[in-house]
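Asker: Spelled out from the first residue to the last, the chains are:
Number of protein chains: 2
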Amino acid sequence: MGGDHGVSVTLPACRAFLDAHPQAELLLVGRTEALAPAAAWPRCTLVAASEVVAMDDSIEVALRRKRDSSLRVAITQVKPVEGVAAAHACVSAGNTGALMAVARYVLKTLEGIDRPAIATVMPNQLDGHTTVLDLGANVDCSAEHLLQFAVMGSALVAAVEGKPNPSVGLLNIGEEAIKGSETIKRAGELLRDAAAGGHVNFIGNVEGNDIFTGKADIVVCDGFVGNVALKTAEGLASMLSSFIRQEFTRNWYSKLAALIALPVLNHFKKRVDHRRYNGAALLGLRGLVFKSHGSADAFAFEQALNRAYDAARNRLLDRVHDRILETLQAMPVEPQPQTGPVAQAA
Amino acid sequence: MGGDHGVSVTLPACRAFLDAHPQAELLLVGRTEALAPAAAWPRCTLVAASEVVAMDDSIEVALRRKRDSSLRVAITQVKPVEGVAAAHACVSAGNTGALMAVARYVLKTLEGIDRPAIATVMPNQLDGHTTVLDLGANVDCSAEHLLQFAVMGSALVAAVEGKPNPSVGLLNIGEEAIKGSETIKRAGELLRDAAAGGHVNFIGNVEGNDIFTGKADIVVCDGFVGNVALKTAEGLASMLSSFIRQEFTRNWYSKLAALIALPVLNHFKKRVDHRRYNGAALLGLRGLVFKSHGSADAFAFEQALNRAYDAARNRLLDRVHDRILETLQAMPVEPQPQTGPVAQAA
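Chains as they are written, first to last, in our numbering: chain A, 155 to 500; chain B, 155 to 500.
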């Protein structure tokens, strides 16, 4: 039901996903009348939810008032009851803050995880992609949180991309270990310890540009910094694409040039198409939850479904769990105080 | 002497600057033999300095050991002796951390300023530009520091761009006043108070993408976040430009298309040319100091000279000083402990 376009985007994406994955099954959660077009689809079950969390609803409203929201009922599908859950993964294009808060409330965090994190992928210069976390769930992070993000991100990339030992960089304002705030320096120490124990493949500090150079498979940062980096990149990409459009429509010559350059420009556009990277993982919960961009179209939402499907098939949940426990047992860190729902991303 | 290319870039830039500004005078600071080509230039005086701060020298080395460095001697030119300084502004392409630390040591901060900040401009979608500060000088900032940055940034834009009342946005992870860390929320309160008193034109929170939408003339953030945002933008721009180059050289058709589209692509390139925006201001010192990008070419370094020249002509120093005093008198904030040199940008 969620996102800027609701079922007009999610239903066609679900249909395409079912066609592409003959072994997949879908539970569609929402208002019965909205989901009616999917009633006769194969491998598809409708699950009724009478309410919808609006994109601008507060976390309070999502948590306490709309108890039969599609967002909450969908998350409940991945919560095990006597060891078995109705679904392996949940995908939503809804309100990020509400999704994180409700997921945290319904599913709880994994043992050893203080705070869940949001991880997304960005394209890089090596024609691969870089996984960045956290992206806005956690505004103030301790060094221990950053270590947990590194371990969770490593499990994600290992599971979804089949890289057994992905490299981790700590986002900082310089490569030298002496750079950054006290928290960042201490996180660097913890990560070096974890690397010495073989728990993460830590390559040291990276800078903002390294998200795109592909220097590290995973870039770890606090949610404030990650959110600003992601939004800055979105803003620049959007400005550049509008400038290119303006230049190629400026006069008759540039329009002709655009026509001739169209196949080249389309190839470029496809290569950097952010829709291909849609589907952020909420990591550290006792269930798989993926967040689609609210503005996603059907193609983009289908990518988020694919990402969730791959994660479930590759047992992401068990892997995060195992990897966190293994790291924590090897290098016990002080427990952090739980601070209630801290999801803040828009 | 500084930057990646030294005098091979700075000397041609200085020559072009002198030709373009018949009323300007230059003091060139550095090793006599390196500056020899400029010995006979009009309105140009050579000032000898026997040492050079290397790009990878520590702040310690720059501050304590190389006391006759070109960086230090250049900064000393803008320090008043009995009310008169040898130069109105100092421009360097050298080591940022060293420049900030030495400038702070030699010049001291203005009354009411706890920490100097680094401000740069980025192009925006409105074909104007957005001034962003801080960019790496201050890793951990209090709410009061962010208020001071807003006031200094306002004075800069008023002086250099002739906008008497430029708008200020606080970089955050959402537009609502309840978003962000405690420091950011408190900074929002201080900025609203300052706006109510008519001291800054605060328009509220902005997000990373707003650096490029042009929603605010000035975007205020701490140095860690600002540095990550700037480097992320640089990294994305560099990836996109290399992808465009690859696409247009992929095969004979794309090469032909490139030839035809060349005037359009050049126009686009010129519009987003980061060299045009070179020259970051070190604000809050008792003297004008500008920092050129280390990798600047002669065109870019000349822009940094122009920026310093405009700032000096428009009495930036007095304006920052007056504006800070006016704001502080109206809304006294608790003094912050001085924390020694904190310049950390690379």
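In short, the hints are calculated from the structure, not lab data.
Every residue, glycine too, gets a C-beta built ideally from N, C-alpha and C.
Treat the hints with care, since some could be wrong.
[Claimed, not checked] With the Cβ distance kept under 7 Å, some of the chain A side facing chain B (calculated, not the full set):
id: 1; residue: Glu236
id: 2; residue: Ala240
id: 3; residue: Ile327
id: 4; residue: Glu361
id: 5; residue: Lys385
id: 6; residue: Ala387
id: 7; residue: Trp406
[Claimed, not checked] Output of the computed footprint for chain A on chain B, the stretches with three or more beta carbons under 8 Å from beta carbons of chain A:
id: 8; segment: 289–296
id: 9; segment: 359–369
id: 10; segment: 375–384
id: 11; segment: 447–461
[Claimed, not checked] Below are the DMTMM-like pairs computed for lysine to aspartate or glutamate, each with C-alpha atoms no more than 25 Å apart in a straight line:
id: 12; chain 1: A; residue 1: Lys423; chain 2: A; residue 2: Glu330
id: 13; chain 1: B; residue 1: Lys339; chain 2: A; residue 2: Glu214
id: 14; chain 1: A; residue 1: Lys409; chain 2: B; residue 2: Asp347
id: 15; chain 1: B; residue 1: Lys220; chain 2: A; residue 2: Glu330
Asker: Okay, the segment 375–384 of chain B and chain A, do three or more residues pass the C-beta test at under 8 Å?
Answerer: Satisfied; 8 residues make the cut.
Asker: Tell me if the interface restraint on alanine 240 of chain A is satisfied: Cβ within less than 7 Å of some Cβ in chain B.
Answerer: Violated, about 33 Å.
Asker: Answer holds if the nearest beta-carbon of chain B is closer than 7 Å to that of alanine 387 of chain A; otherwise answer violated.
Answerer: Constraint on alanine 387 of chain A satisfied, holds at 5 Å.
Asker: Under 8 Å between beta-carbons, do enough residues of the segment 289–296 of chain B, three at least, approach chain A for the coverage claim to hold?
Answerer: holds (count 3)
Asker: With 7 Å as the cut and Cβ atoms as the points, is tryptophan 406 of chain A at the interface with chain B?
Answerer: 12 Å, violated
Asker: Does the interface hint hold: is isoleucine 327 of chain A within less than 7 Å of chain B, judged Cβ to Cβ?
Answerer: 4 Å, holds
Asker: What's the verdict on lysine 409 of chain A and aspartate 347 of chain B, does the C-alpha distance respect the 25 Å limit or exceed it?
Answerer: Between lysine 409 of chain A and aspartate 347 of chain B the Cα gap is close to 50 Å, so the pair fails against 25 Å, i.e. violated.
Asker: Count residues of the segment 359–369 of chain B with a Cβ under 8 Å from any Cβ of chain A, then say if the count reaches three.
Answerer: Holds: 7 residues of the segment 359–369 of chain B have a Cβ under 8 Å from chain A.
Asker: Take a quick look at whether lysine 423 of chain A and glutamate 330 of chain A sit within 25 Å of each other, Cα to Cα.
Answerer: 36 Å, violated
Asker: Given the hint that lysine 339 of chain B pairs with glutamate 214 of chain A, test it: the Cα-Cα distance must not exceed 25 Å.
Answerer: Within the cut-off at roughly 19 Å; holds.
Asker: Per the CB criterion, is lysine 385 of chain A less than 7 Å away from chain B?
Answerer: 3 Å, holds
Asker: Taking a Cβ-Cβ distance under 8 Å as contact, does the segment 447–461 of chain B have three or more residues in contact with chain A?
Answerer: violated (count 0)
The structure fails hints 1, 2, 7, 11, 12 and 14 (numbered hints given earlier, in ascending order).
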